[in-house]
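*Asks:* Here's the letter readout for the chains.
There are 4 protein chains.
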Amino acid sequence: MLNATILISCPDKKGITATVTNFVYNNNGNILHSDQHTDDEAKAFFMRIVWDMKGFTIKREMIGKKFSAIAGNFEMKWELYFSDQVPRVAVFVSKQTHCLYDLFLRLKSGQFRCEMPVVVSNHPYAEHIAREFGAKYYEFPITAKNKPAQEKKQLNILENERIDLIILARYHQILTRGFVDRYRMKIINIHHSFLPAFAGSDPYSRAFKKGVKIIGATSHYVTEKLDEGPIIEQDTARISHRDAVKDLIRSGEDLEKMVLARAVRWHLERKILVYDNKTVIFD
Amino acid sequence: MLNATILISCPDKKGITATVTNFVYNNNGNILHSDQHTDDEAKAFFMRIVWDMKGFTIKREMIGKKFSAIAGNFEMKWELYFSDQVPRVAVFVSKQTHCLYDLFLRLKSGQFRCEMPVVVSNHPYAEHIAREFGAKYYEFPITAKNKPAQEKKQLNILENERIDLIILARYHQILTRGFVDRYRMKIINIHHSFLPAFAGSDPYSRAFKKGVKIIGATSHYVTEKLDEGPIIEQDTARISHRDAVKDLIRSGEDLEKMVLARAVRWHLERKILVYDNKTVIFD
Amino acid sequence: MLNATILISCPDKKGITATVTNFVYNNNGNILHSDQHTDDEAKAFFMRIVWDMKGFTIKREMIGKKFSAIAGNFEMKWELYFSDQVPRVAVFVSKQTHCLYDLFLRLKSGQFRCEMPVVVSNHPYAEHIAREFGAKYYEFPITAKNKPAQEKKQLNILENERIDLIILARYHQILTRGFVDRYRMKIINIHHSFLPAFAGSDPYSRAFKKGVKIIGATSHYVTEKLDEGPIIEQDTARISHRDAVKDLIRSGEDLEKMVLARAVRWHLERKILVYDNKTVIFD
Amino acid sequence: MLNATILISCPDKKGITATVTNFVYNNNGNILHSDQHTDDEAKAFFMRIVWDMKGFTIKREMIGKKFSAIAGNFEMKWELYFSDQVPRVAVFVSKQTHCLYDLFLRLKSGQFRCEMPVVVSNHPYAEHIAREFGAKYYEFPITAKNKPAQEKKQLNILENERIDLIILARYHQILTRGFVDRYRMKIINIHHSFLPAFAGSDPYSRAFKKGVKIIGATSHYVTEKLDEGPIIEQDTARISHRDAVKDLIRSGEDLEKMVLARAVRWHLERKILVYDNKTVIFD
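Chains as they are written, first to last, in the working numbering: chain A, 4 to 286; chain B, 4 to 286; chain C, 4 to 286; chain D, 4 to 286.
Be aware that one or more of the hints could be misleading.
Treat identical chains as interchangeable: a pair holds within one or across any two.
Computed list of lysine-lysine pairs in DSBU-like fashion (alpha-carbon distance at most 35 Å, straight line) [claimed, not checked]:
| hint | residue 1 | residue 2 |
| --- | --- | --- |
| 1 | Lys274 | Lys148 |
| 2 | Lys17 | Lys57 |
| 3 | Lys111 | Lys213 |
| 4 | Lys150 | Lys69 |
| 5 | Lys274 | Lys16 |
| 6 | Lys150 | Lys62 |
The set of hints was computed from the structure by calculation and includes no laboratory data.
Computed from a prediction, not measured in an experiment: that's the story for all the values here.
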């Protein structure tokens, strides 16, 4: 079955839902999902509509063009996806490999509709994992000095491999502004704290020192500001005085895996809309 | 602002969303919320649509009649509500009063759009609470023998008071089938376990004896089968071997209050659809 | 039954457990609870021991003196409590009254072993609640200018009422250093965020603006640094893009009540040890 | 560092803590951890004590004998472990392999102090996983008829491999009473529901049909009664009407992995005491 999905954001106005719904219905599309959200404070409207392409009277190539007419009337930003476009994902990783392993296992078990042909790292440790799951492994050691040159090579690979989404699965390097700009809202990071608390390095040690009673993990889109991009998902777990830093790490790794996996799945299923450095998740 | 809400359930079929949306739009209604859900297994479709009545071209009294025409085409079950209809709620309670207190405090703080003019009990203990919050208190001691007669009196009061919703806030009496039939899907119970585990009496003691590591609370609509009606909301809390039955009770009371309050709020906001002994919650 | 409780913290060293245990046992005390914790990083040892005073061969008045000898050998800081000493609690509150109400209801239902004879506020709104539960109400409007004078009066009242613990149940005034010093580790605050995130004012609005997917509440002892004292308890709840600020507030109020109540109960049961701006909770 | 651990359960009586503590202290043992619990209802006492063997004046081989004298006075059941005894674990698995994979990855990352040399299955699907992590794979297809014979062969292997603990990591066969008796409280199962709800087969489908709002997972020791052995750990996750059975399965798999891992870790760290078909977890 071939589906089409449109994601829409625009200023709130009368008639948007009906207009979009009619666009699909009047062209003989069977609506499978339709979600909308209004942010009353921001006076903003968001919509996700999915329909079965079987019997749809507008040809696939023409849908965008036809929809543009509507979109213009409502000042919409919109994206159109088809279910046979399988995103290609590159995973970036440093020394910790639990998230990488977890992503591959979920891919294999059918949780993600994508391909993961590329792993990039500044270390050699994850090569056997990439190999085990049939992905190419590119090692780029990073120093302050060589970073621009290495990123250039990385970008070349990503382009050659036609990568649609980059996952930073505990990749402990800060990407340059130029890199981030090339993949705007297409880089998902997992940070091992409940942001905005403990942004930056070594959050578990700092959480331990602070004496918090809960730890967390946060997945977010990467922007030029470190750990400040739009939050996609978060979760927390209880700890106690009995837990040492290593216990926080162990417990936190479970959170990281789950939180990252949910964010990736929602992105791949085109369920995320970004506005105002925040996300709407049509789960 | 006067809003109208329609809740719809029907067999899944092409065009429902568009038809309902157009019904509102073409009559100049501004859609405020529109949620839909399809149960693929049951081939069932559910929808909730809310619109601003300002400028709506069908008169309030005629909306139901006009909508019937559409509804017939899709074999819809539907309910229509207006936001100026403030539901009247009766709370039933036995000896434990924490839920009753909690409901009144939430009402007072604006969490519930309803009136709570009536408290019914088989005991005298909650009278001062009802009085404090300006509600009438009716005490009906119940025995196996007098139950039918007492329920009859209760039903008279409920009718005189034009009660729309009954909340069993730890009311430890089983209502007869006849009573339940008079308020179908209009009686919400809080049960102090995560159903279907520990249905029936004394769930905390049984949970303790069983050695479970989590306890829970469940709010559900009351049907003729004890603790088996459609579940509206559940939540759980961790316990450990250090917790005695009294600790389970203390911790569980917090769950009961929150779980019941959410269920009541969703009901009052017309966000719940029931089918197949399950609920769809358009939160 | 009369119990004695000793709370101990000291540098970690061989023989502490045995020495303390023997102090109780050799004087014919029946140990009811004994918990210990070692912070390997800080090389610190913590212990809580509770025993039945029935038949204990050291007279109550002499226990402290006798125990001092042991304590000296291990450089212990220690506190001794008897179960017939019922703490007297003052609750400070501003405009929001949900925590105050909750504390009184829990007191009444037997969750707290204390008295709550005093409510202090910078507003008049909670007077009827204090009255309902038989507490005195003192209103002290606070301005930048009159704060020192008003605090002086407050301290007088607290002293006259022999107050052992102060609960800031959404009291929106910063206490001066002098005030805090008089009640060191005897002032418990509830902050409506998961600290260290969103310290300071208006955390729910800031959480909304930030787009977090979880909100939280934190209870902590008050020190001279705002929202930075030792954390006693925290909890979190999920939110989504559908939640407006008012929904965060509603959901957060449930967290605040539960988190504050746990902290207060643990304090009253002498289960909290503070070191290094952190807490050990012997629950 | 070599540690010794004693786990004790006995009727509650004066002097147990002091006696056990003195046994260690008077023989020059440095107590590293000491936890105790009293079940007031069952009048039962539980203790776990861990000490550094360095300088301990009783020889390792004689500790049990010497401790027996004490144990007799208090009718203790007790177990003695040394930290250099590394348990050998066999994992049983059927078609789902997520728990098996997870166990191996946690072993590799240092979360479990054990060896996992053996995987047993009634299917061929997990062989490559066992091989990847260097474990032997034994396939025993099971039918109603061949079960006794196959179990006999399994028991032979377990004995030859000197297996101390069996993990049923989604092994969908019921072990016979004879098998269970050979490994009493040494078989840990993961059940994919919050027991006692949905014991038996196909819990996710039944949870979906029932319309519950939370799902769960339970790890427990296996006894002759299906899904009724002592519960070690449980956890739950929220679901909604939007989740189909496959979503429950996906979400549940995360719970299963975490809940099973915690149970296994606690068992390996000798933190679990069983009594009255319940567990005390000294975490």
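*Asks:* Does each hint hold? Answer for all of them.
*Replies:* Hints, verified against the model:
1. Lys274 - Lys148: neither (39 Å within a copy, 50 Å between copies)
2. Lys17 - Lys57: For Lys17 and Lys57, both the intra-copy (30 Å) and inter-copy (12 Å) Cα distances are at most 35 Å.
3. Lys111 - Lys213: between (39 Å within a copy, 30 Å between copies)
4. Lys150 - Lys69: neither (44 Å within a copy, 65 Å between copies)
5. Lys274 - Lys16: both (22 Å within a copy, 24 Å between copies)
6. Lys150 - Lys62: neither (45 Å within a copy, 59 Å between copies)
Of the numbered hints given earlier, the model fails hints 1, 4, 6; all others are met.
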